[in-house]
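Model the full structure from these sequences, guided by the hints.
Numbering (numbering that gives the first Met the number 0), first residue to last: 0 to 115.
Calculated from the structure, these hints are not laboratory results.
Just so you know, even glycine gets a beta-carbon here, dropped at the ideal spot from N, CA and C.
The reader is advised that the hints may include incorrect statements.
Just the calculated beta-carbon pair ranges, DEER-fashion [as the list claims (entries may be wrong)]:
(1) Asp70 x Glu41: 18 to 26 Å
(2) Thr82 x Ala34: 23 to 31 Å
(3) Ala77 x Glu40: 25 to 33 Å
(4) Met0 x Arg20: 21 to 29 Å
(5) Ala100 x Met0: 21 to 29 Å
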Amino acid sequence: MTVLIVDAANVVGSVPDGWWRDRRGAAERLRDRLAERTGDEEIVLVVEGAARGVQSVPGVRVDSAPGSGDDRIVELAAEYAATGDCVVVTADRALRERVQAHGARCTGPRTVRPAD
0 MTVLIVDAAN VVGSVPDGWW RDRRGAAERL RDRLAERTGD EEIVLVVEGA ARGVQSVPGV
60 RVDSAPGSGD DRIVELAAEY AATGDCVVVT ADRALRERVQ AHGARCTGPR TVRPAD
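Okay, here's the thing in structure tokens:
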């Protein structure tokens with residue numbers, strides 16, 4: 000099974016729709032959109048900062064990073080890539096390099112959030 004790790008801050012920030020006024024609400028909307036996906040994948044949504052505290056729902060496990068969201072994503076990618084297929088959703092080039100060093104694959108935000 001593929002594990003899809005989603006960089007919530009990066010994906011939410013990829014579309015200028017006013018997300019900065021309600022970061023937690025934007026992360027919840029992304030979580031709900033991810034929960035509607037069908038496929039054979041486990042989804043982990045990594046949140047940080049003002050979005051911490053967003054709850055998991057069926058189909059999406061929310062991981063609240065205690066510090067840097069990027070650091071938490073790297074930890075998770077290293078863990079999951081060591082035992083199977085791991086895809087990280089982010090446009091952050093530095094983060095992409097870090098997770099690819101652990102064997103994870105990467106894809107951009109439009110994979111999970113089409114431009115509005």
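- Which hints, by number, does the structure contradict? Hint check: 3, 4 fail, others pass.
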